[in-house]
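Colleague: Below, each chain spelled out in residue letters.
Number of protein chains: 2
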Amino acid sequence: MSENRILARIRRRARLPVGAGLALGIGDDCAVFRPTSNREDLVFTTDLLLEDVHFKRDTHSAADIGWKTLARGLSDIAAMGAEPRFCLVSLAVSHDLSERWIDGFYSGLLALARRYGTPLAGGDLARAAKIACDIVVCGSVPRGRALLRSGARPGDRIYVSGLLGGSALGLETLRGRALKRHLRPAPRLELGRYLRQRLAATAAMDLSDGLSIDLHRLCMESRAAAELDAPLPVFPGASLDQALHGGEDYELLFTLPPDRNPPAFFNGLPLTRIGFVRRGAPGRVTFFGRPLPPGGWDHFR
Amino acid sequence: MSENRILARIRRRARLPVGAGLALGIGDDCAVFRPTSNREDLVFTTDLLLEDVHFKRDTHSAADIGWKTLARGLSDIAAMGAEPRFCLVSLAVSHDLSERWIDGFYSGLLALARRYGTPLAGGDLARAAKIACDIVVCGSVPRGRALLRSGARPGDRIYVSGLLGGSALGLETLRGRALKRHLRPAPRLELGRYLRQRLAATAAMDLSDGLSIDLHRLCMESRAAAELDAPLPVFPGASLDQALHGGEDYELLFTLPPDRNPPAFFNGLPLTRIGFVRRGAPGRVTFFGRPLPPGGWDHFR
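Read top to bottom, the protein sequences are chains A and B. Counting from 1, one number per residue, gives the positions in the first sequence under my numbering. Counting from 1, one number per residue, gives the positions in the second sequence under my numbering.
Possibly wrong hints are sitting among the right ones.
[Claimed, not checked] Here are a few chain B residues that sit away from chain A, every Cβ distance over 10 Å (derived from the structure): (1) ARG13; (2) ARG34; (3) THR36; (4) THR46; (5) ARG177; (6) LEU179; (7) GLU190; (8) ARG223; (9) GLU227; (10) PRO258; (11) PHE265; (12) LEU269; (13) PRO270; (14) ARG290; (15) HIS299.
[What the hints assert, rightly or not] Dumping the calculated DSSO-like pairs for lysine-lysine here, alpha-carbon to alpha-carbon at most 27 Å: (16) LYS56/B - LYS130/A; (17) LYS56/A - LYS130/B; (18) LYS180/B - LYS56/B; (19) LYS130/A - LYS56/A; (20) LYS180/B - LYS56/A.
[As the list claims (entries may be wrong)] Pair ranges (Cβ atoms, derived): (21) ALA200/A - SER107/B: 40 to 46 Å; (22) HIS95/B - THR59/A: 35 to 41 Å; (23) ALA230/B - ASN4/A: 22 to 28 Å; (24) PRO142/B - PRO263/A: 42 to 48 Å.
Derived from the structure by calculation, the hints contain no laboratory data. From the three backbone atoms N, C-alpha and C, an ideal C-beta is built for every residue, glycine too.
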């Protein structure tokens, strides 16, 4: 097995679709993207996915890891209300893994990439002691229209999509629908676009580290406080603690002015009002009147 | 130490310059870039830098690692003849490293970022067993004018900038100017722009893995062969083997039509003709008439 041969395989499999805006994909020092309009903003995200930090090899197949690597990036694109345009992926594989494992990784990643029209335009490949993946996704959004964390205003209502705590439950029990949620999260791209175009959400972000810490961050950016005063949409079987603090649900957290009512479901996905934004110490979150310190995932705590 | 606190520190230090084209930097789900013209192509690269693969902690300070992480990305931008616009960096730090180490990493990275006007627009932060860095750099180039690997034609002459083998020598001896070359490589951005604007180079790439394998790759993309028939510009003290196969020199390899003569020096940097492109099996490289198999760095050999 040689690096050149592996790269040639990936390149064949990631053949660029016509008209994707990419003038050049895998095979040069850089990928080349040709913006078709100067009425669009481009949005960029990068996320690490590391063995024994974000996943374990005995619970995640190669294809699961490839899928999840891209899903993390696409979830950030969804949170901006943007359309994905292309992605790049850096992959370090450990010495004991075969070319078949690498194939599996790209199968999972490319399956999700095809579903959301996100061609793989480049990346990097290395060997290391443990698996390390880094995803880069570029998306586009009409100029000045990206959904930000900083736009929530006192009085706005706070909503979440889907059911919370499923990923944490799946990680704990390693079975059932919860495990599937953990292994193959679905980026909420259609919902993100709907929040921007139809609901004109004032703020949005994706739930990657846990509701309590992510809502705290949204409030910090919006210089506001929040009160959670309604039942959370808890994933069947998950605990309240998993719904409040569990990471990796990749649902969207968003805010709307009080006079704007979203439907109860969007394409079958529940949209639940869980609280409201209010004046107060920036970042302070209360849950039925009591302080809710940011829990969830913090690499440095 | 908490993730939020570290992120707040990085964000203060990476404050965006006015007019950089960035509408939004660190602090949201994505960075937002606003293209000012639709006459430009955007180029993208991503590169891993991993502990015990690309560097060792006892030879590289935190600031060296930060510098080198960005230098790898900027070198790819230089190879396209592009201008850097912004960067993102993902960093996983090991558990025994302090906030001071993280500060040092960003000091090295931001020193190079300032030198080349490349604001840090976002990234990711995690803890892991070993240090892992992934850099993303976006650059811009007039539409359709990026320097590619695929443009070399039989008869073109092959050139390299600078002196080869210095980084490999520095890694071996761990001292002197060679070590400095290894720790703090200088991306050849001014030269890349000059190659595009003034010399209209037919092909270019950066030397990251070693001349023999990188020239092989350039020839593969150009569907041509190459003969090296002139003395190499060898770094003082380095061996011919280090000059032919040593990685991480981050010099530029480029081709020009035979009637186009570059100066012997560009801003003090020697430009040396080392061979010529010819018809033949794609990727085949000969050195004074003998086959030169691709050596250099291959993670998978």
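Colleague: For each hint, tell me whether it holds in the structure or not.
Modeller: Now for the hints, and whether the structure bears them out:
1. Look at ARG13/B: its CB is around 17 Å from the nearest CB on chain A, clear of 10 Å, so calling it non-interface holds up.
2. Remark: the non-interface label on ARG34/B conflicts with the geometry, its nearest Cβ contact in chain A lying 5 Å away (cut-off 10 Å).
3. A beta-carbon of chain A is positioned within 10 Å of the beta-carbon of THR36/B; the least distance is around 7 Å.
4. Residue-level check failed: THR46/B sits 5 Å from the nearest beta carbon of chain A, not beyond 10 Å.
5. The claim that ARG177/B lies off the interface holds: its Cβ sits roughly 26 Å from the closest Cβ of chain A, which is beyond the 10 Å cut-off.
6. For LEU179/B, the condition that its CB be more than 10 Å from all CB atoms of chain A holds, with the nearest at approximately 23 Å.
7. Even its closest Cβ contact with chain A, about 17 Å, leaves GLU190/B beyond 10 Å, as expected for a residue assigned away from the interface.
8. Under the 10 Å C-beta cut-off, the non-interface status given to ARG223/B relative to chain A holds; the minimum distance is some 12 Å.
9. Residue placement check: GLU227/B keeps its beta carbon more than 10 Å from all beta carbons of chain A (closest about 21 Å).
10. Under the 10 Å C-beta cut-off, the non-interface status given to PRO258/B relative to chain A holds; the minimum distance is some 24 Å.
11. Residue placement check: PHE265/B keeps its beta carbon more than 10 Å from all beta carbons of chain A (closest about 24 Å).
12. Chain A leaves LEU269/B outside its interface by the beta-carbon criterion, the shortest separation being 19 Å against a cut-off of 10 Å.
13. With a cut of 10 Å on Cβ distances, PRO270/B stays outside the contact zone with chain A, its closest approach being about 22 Å.
14. Look at ARG290/B: its CB is around 21 Å from the nearest CB on chain A, clear of 10 Å, so calling it non-interface holds up.
15. Its closest Cβ contact with chain A, about 4 Å, brings HIS299/B to no more than 10 Å, contrary to its assignment away from the interface.
16. As the CA atoms of LYS56/B and LYS130/A are separated by approximately 16 Å, the hinted pair is consistent with the 27 Å bound.
17. The hinted pair formed by LYS56/A and LYS130/B meets the criterion: a straight-line CA distance of about 16 Å does not exceed 27 Å.
18. As the CA atoms of LYS180/B and LYS56/B are separated by approximately 15 Å, the hinted pair is consistent with the 27 Å bound.
19. Restraint check: the Cα-Cα separation between LYS130/A and LYS56/A comes to about 10 Å, which is no more than 27 Å; the hinted pair holds.
20. As the CA atoms of LYS180/B and LYS56/A are separated by approximately 38 Å, the hinted pair breaks the 27 Å bound.
21. ALA200/A and SER107/B have their C-beta atoms about 41 Å apart, which keeps the hinted 40 to 46 Å range intact.
22. Between HIS95/B and THR59/A the CB atoms are about 22 Å apart, so this pair departs from the stated range of 35 to 41 Å.
23. At roughly 26 Å, the beta-carbon separation of ALA230/B and ASN4/A lies within the given 22 to 28 Å, and the hint holds.
24. Hint check: PRO142/B to PRO263/A, Cβ distance near 47 Å, so the stated range 42 to 48 Å holds.
Hint compliance for this structure: hints 2, 3, 4, 15, 20, 22 are not met, and every other hint is.
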